[in-house]
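Chemist: These are the residues of each chain, in order.
2 protein chains.
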Amino acid sequence: MFNVDFEPVGRRGPCASDQSLLDCARQLSVDLVSICGGIGNCDHCKVQVISGRVSNPTLEEEASLSKSELEQGYRLACQAYPLSEIKLHVPPESLTAPQRTQVEGLEVDVLPEPPIRGLEAHLSAPTLDSPISDDSNLWASLHLPIGTIDFQVQQTLSKTLRDLNWNICVALRENEIIALGAPDTKWLGLAVDIGTTKIAGYLLDMESGKTLASKGMMNPQISYGEDVISRIVASSKSPENAIKLQTLLTDALSQLAVDLCAEISADPTNIVEAVVVGNTAIHHLFLRLPVKQLGLAPYIPAMRSSVDIKARELGLKIAPGAYVHLLPNIAGYVGADHVAMLLATRITEADKTTLAIDIGTNTEICLNHRGRMTSVSCASGPAFEGAHIKFGMRAAPGAIEHVRLLDGKLEIQTIGGEAPVGICGSGLLDVVAQLRLNNVLDKNGKMGEHPLLRKQNGSTEFVLAERDGQEPITLSQKDVRELQLAKAAIRLGIQALVQAEGIEEGDIEQVIIAGAFGTFIDVKSAITIAMLPPLPLERFKQVGNAAGTGARLALISQSQRTKANQIAEQDGYIELAAVPNFNRKFAEATYL
Amino acid sequence: MFNVDFEPVGRRGPCASDQSLLDCARQLSVDLVSICGGIGNCDHCKVQVISGRVSNPTLEEEASLSKSELEQGYRLACQAYPLSEIKLHVPPESLTAPQRTQVEGLEVDVLPEPPIRGLEAHLSAPTLDSPISDDSNLWASLHLPIGTIDFQVQQTLSKTLRDLNWNICVALRENEIIALGAPDTKWLGLAVDIGTTKIAGYLLDMESGKTLASKGMMNPQISYGEDVISRIVASSKSPENAIKLQTLLTDALSQLAVDLCAEISADPTNIVEAVVVGNTAIHHLFLRLPVKQLGLAPYIPAMRSSVDIKARELGLKIAPGAYVHLLPNIAGYVGADHVAMLLATRITEADKTTLAIDIGTNTEICLNHRGRMTSVSCASGPAFEGAHIKFGMRAAPGAIEHVRLLDGKLEIQTIGGEAPVGICGSGLLDVVAQLRLNNVLDKNGKMGEHPLLRKQNGSTEFVLAERDGQEPITLSQKDVRELQLAKAAIRLGIQALVQAEGIEEGDIEQVIIAGAFGTFIDVKSAITIAMLPPLPLERFKQVGNAAGTGARLALISQSQRTKANQIAEQDGYIELAAVPNFNRKFAEATYL
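Protein chains in written order, with this note's numbering: chain A, 66 to 657; chain B, 66 to 657.
Just so you know, the hints here were simulated from the structure itself, not pulled from any lab data. One or more hints might be untrue.
Since the list can't tell identical chains apart, any single copy or any two copies may satisfy a pair.
As the list claims (entries may be wrong) - Cut-off 27 Å, straight-line C-alpha distance, at most; resulting in silico cross-link-like pairs (BS3-like, lysine-lysine): (1) Lys650 x Lys589; (2) Lys455 x Lys520; (3) Lys606 x Lys275; (4) Lys280 x Lys309; (5) Lys382 x Lys251; (6) Lys309 x Lys357; (7) Lys224 x Lys309; (8) Lys375 x Lys224; (9) Lys382 x Lys309; (10) Lys543 x Lys132; (11) Lys382 x Lys606; (12) Lys474 x Lys606; (13) Lys511 x Lys375; (14) Lys543 x Lys455; (15) Lys224 x Lys357; (16) Lys302 x Lys224.
Build the full structure now, drawing on both the sequences and the hints.
Modeler: Laid out in C-alpha cells, this is it:
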C-alpha cells in the first residue's frame, strides 16, 4: 500500500500496488472524468505525477498522451499503478466537479393534492380496565377505520407513543401510516431528477407543495462511464457492478437529502415521500433492474409502469416507511425524465403544434400535433458534454461557452471568466456556427481557409485560445464531424416526428427546449448549424430543468401522477432506427 | 479457546474461557433446557463433566446440586466455564429435543379461497417494430389490467422471461405478481403455529388447499428462557437480544420450510404465502415489536390487527415476494394462536354453550354462550411443561406420563416405555389425582400417610420410581403446591367466564380442549383435581393442535381470514386480575 496525494483537491489515502490511480481516486471520492470507464481509450482521466514513481506508460497512454505530456509526468489515471508514495496534480479538466448544475426550472404551479396527509392524534393511555393495544388506540384516536401501519413504524410505535406522552403526529399515505413524529411535525418530500451527468434535487413541503430548498450535484456513476451504454455494459458485467452502480446513486441521493434538509434545519427522516425520474437506463440502474436487454436491439425496458417502492428497499436514507415513486417509462430510450418534462411543460394541454426537446447525450423529442403525442429518442452522443471533442469538457469554470468571430476577430467567453481550459457544448455550437457563418466551414463541415487554422499532425484545426507553455485550445476537423453527427441525430428526430404527422417543420408553432444544456445554447447558433429547424426565434422557449419540475409536480399531486401515467400510455413512440431510408436521411441531416 | 465435546449428542467446538458452557452449547446448537435464562436459579441445564477441568462451583450451583451430584461432576452449564479441553455428558432431561411435537389436529375442511392465484402466460418476444416492455408484455399476456409487480420479482423478470422462452407461470396476490416460475409450477403455502415450547409447521398446496407435509420442532428461543416472561425480559434488555430472539425463530421457520419441502421434493422458493400464529409475546418477538409494555401491567400489545409482511422483511427464506400473514391478537395474553384455535374449533358457530381451552404455560379459555364470545387468559405457569417441578420434564422419552395407584400398588407408564427420567404434565395431573383419590392428599393438597411417602431434607415426598445408583424420582409437597397454583388459575378463568355470562359451570354443554398438552391429559384426572369442572365426560372433546389447523384455514381461505378478524373484534376479553375478590377466589380454586 502506498500513500497517494491528489492535489489541489487535497485528498490523501492508501492505494494498493495492484490498484490503478483511477480506482484510488474513486475510493477517495476524487471525481475524475472517465468517459471510457477506465479502459484507456479516452484521455480524460489525465493526472500529473509531481513526485514519486508509477508504473511504465502503457500502449494506450503512448497513443493518448503527447511525448511532451509524458515527459511532464502526465499519465492516464486508469493505466498507472503506484510504485511508491506519490503526489499527483489533477488538472481542472480531469475533474467532474465543481460544475454548474441546473436546478432552476419551471414553476410548480398546481394545487397540492399530496399523497401524504399529516394527522395529529391525542391518545388516552391504556389501563387495566381498558387495555387497548397501541395500534387500535392510534386508529381510534385518529377517528379512522383500521388501516395498515408500516412494519418498521409499527416496531417503533409503542416507544414513540410513550416518549411523546400519547400525543403524536402521523404521516398517512392512503390507509397506511408510514411515519411518526411529534405533534406539528412538518412532513417533507424529495423530488430528484437523475441525469446521466447531473442530479438535481428539491425538498418540498408536502402540505403546501412549496419548494423549500434545491441543490445540484454530479451523478457519481460517471466514474463508470460518461454515457449510459458504458454503464449498461459495466452493470451487465457482474452483479457486484450492478450493486455498486445502484449504491452510488442511492448514497448520492441520501447525501442530497441530508444536504437539502441541512438548509432548512430539518431531519431527513421527515422526508416521507420521494419522486425520482431519470432516463430508462438510469431508472433501471437505480432500481437494479436488468439492463442487458436495454442495451441491445430491440432495446426493451424491463419495466414501463410507474411504481412505488419502500425507500428502505432501495437503501435510500429518508423515513424508512417512505415510498419512492418512479414515473413510468415510455421506451428503452424515452424514460421517466421525458415523461416528467412533458408533464412540466404541459405539452399535452398545448393547443398549438408544439415540439418539446430535452437535449443531452440522449435527446428526447416529443411533438404534440392536434392532441396526438409522439416521441422519439435520438442518440446525440456525449459531444455536448465534451466527450469525443479534443478539448471538450462539461460546463465547468474555464470552459469556453460563447464564441464570436466577427471581421476575422475571435472573441471567446469562459465560464466564470477564468483562463480557458476547454470548450463546453454551448461553446461548441457557437464556434461551429461562427465558422459556418464566416465560411471557414462549408456545408459539408469541411474546414477551408482562415488565419487561425493550422495543421497539426496532418489534420486541420482552428485555434480558439493560445496558452502559455501549454498546447493551444483548438477545434479540430474531427470535432466538427462529431458535432455534425450529434446535431444530425436531433434534426432527424424532429423530421421523423413531423413526417409521421404529415406536416412540415414550418408548421411547428412552439418549440420548448428543456434541460440543463438546452438552457445555455444559443438558439441562433443551433439554427445556423441546422440542428434546429429555421423557425422564427420567438417560437423557441428555453425552460431549464423541466424534468425536475415534473418530478416536483408528481411529488405533491396525485392527479399529476395520474396524468404522467396517461402521458406514458398515450405517447406514440417512434423508433428512429426503424424510419425508412434512415441512412440517407441521416447523411443529409449532417449538413451545416 | 478450549474444545468442548457434548455427548451423547456428538457436537464439538471451541469455547472461550470467558464463555459459559451454556453459551457454548447454544453456539453448537445443543438444545439445553434453560428455564431461568442462564442465571443459575433453575437446575435444568445440568451437565456432567467426564474429563477436563472447569471453573469452581458457584453458590448457585451449591444450592441447586446435591453434594453427591457435584462429586460426580454434575454442573450447571450456565455457571461453569472451561479451564481446559473438556468432555461433557448431557443427561436426557437437560435436552429439549427430541420431543413429541404435536402437529396432528382438526381437519382442514373449508373450500379453498386462496389469496394466491397461479396463472400461466405465453408472451410474444418483443421486436424493433413492437418494442414492448417486459412488464407491459406480461400483463397483456395475462389478459389483466396493469397491476404491480413485487420489486424483487421485477428485478428477475427480464431474465426469467428469456430463460423460459417467454412462457411463464406467475403467482398473483390481489393485483400483485409476487413470484415467477416455469409453466405448471405448483405454488405452496406454509402454515406455522409457534408455541412457547414447540413449533408445528404445515406445507399446503395453495390451489387445492391440501396439506402435503407437516413437521414439528422445538422453539429455539427456549435457550432464552422457557416462559415468555423470561424472553420478554431478555428481548427488552438489548436490541441485540431482540434481534437474536427474532432470528432464532425466522431461521427455524426457514429450516422448517426446507424440511417440509424436502418431503415432497419441492423448493422453498415455491412457497408464496405463509400464515404464522403464536401468542401475543411470540407474535411480537417474531415481528421484533417492542415487548416491554407487554410484560408490565396493563400488558399492552403493540399490535392487535392482522398484518401482511413481506417474507424478506422478516428474513424468512421462502419466495422473496411472498407475504407472511399474521392473524390478529386479542389482548396481551390472548394472542393470534387463540384466534386460530377459535377459528379451527368453529366455536363461533356452536349453538351449544361451549368452552374452548388451550392449556399451556399460559392458558387461554373462551366461552361462547348464545353467540357471545368472551375470552380470558390464565397464567397457569410452566408446571405442565415440567418447570418448577422437582423431577418435572416435558413430554420426552422416559417421562412418566400416566400413573395409577390401586390398592396401594403404584403403576407408572413412561413415554416410549423407557426407564423413567422424570415426570411430564399429564403424569403430574395423574399422580396428584391418584393421591387425592387415595386420600394421600387432602383437599388442601397436604400429604398425609402412605408407604411410598418419605421425608427428605425436612420435606415430604412421594416416591414414584426408584433408580439404580440415582436418586429416586419423587413428587414433593412443593410440586403439589405448584400444580395447585397452575390448575387454580385455569379453574378461576372458567369460573370468571361463566359468572360474566350469569350462568353456572353445569350449563356448559361442550368443552373443547386444544393444544399439545391438552391432548394427552386424562380428563378424569383433571376433574378429580378440580382443574376442570365436574361435567359428564362425553361433554369433553380433545382436538389436538387446533391453532395449527386455524393457521392452515387462514392460509388457504380469505374468508377464514375475515372470520379471524371478526373473532378478534367481537371477542369480549376479561382481565382475570381485574375480577372482584380475585385473591379469595383464587385461594378457593386451589382446593383439590
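Chemist: Decide, hint by hint, whether the structure agrees.
Modeler: Results for each hint:
no.	hint	result
1	Lys650 x Lys589	within (23 Å within a copy, 97 Å between copies)
2	Lys455 x Lys520	within (15 Å within a copy, 103 Å between copies)
3	Lys606 x Lys275	within (24 Å within a copy, 66 Å between copies)
4	Lys280 x Lys309	within (23 Å within a copy, 41 Å between copies)
5	Lys382 x Lys251	within (18 Å within a copy, 38 Å between copies)
6	Lys309 x Lys357	within (16 Å within a copy, 40 Å between copies)
7	Lys224 x Lys309	between (36 Å within a copy, 20 Å between copies)
8	Lys375 x Lys224	both (23 Å within a copy, 23 Å between copies)
9	Lys382 x Lys309	both (16 Å within a copy, 24 Å between copies)
10	Lys543 x Lys132	within (21 Å within a copy, 97 Å between copies)
11	Lys382 x Lys606	neither (37 Å within a copy, 55 Å between copies)
12	Lys474 x Lys606	neither (30 Å within a copy, 106 Å between copies)
13	Lys511 x Lys375	neither (54 Å within a copy, 63 Å between copies)
14	Lys543 x Lys455	within (8 Å within a copy, 94 Å between copies)
15	Lys224 x Lys357	between (46 Å within a copy, 9 Å between copies)
16	Lys302 x Lys224	between (46 Å within a copy, 14 Å between copies)
Going through the hint list in order, the structure does not satisfy hints 11, 12 and 13.
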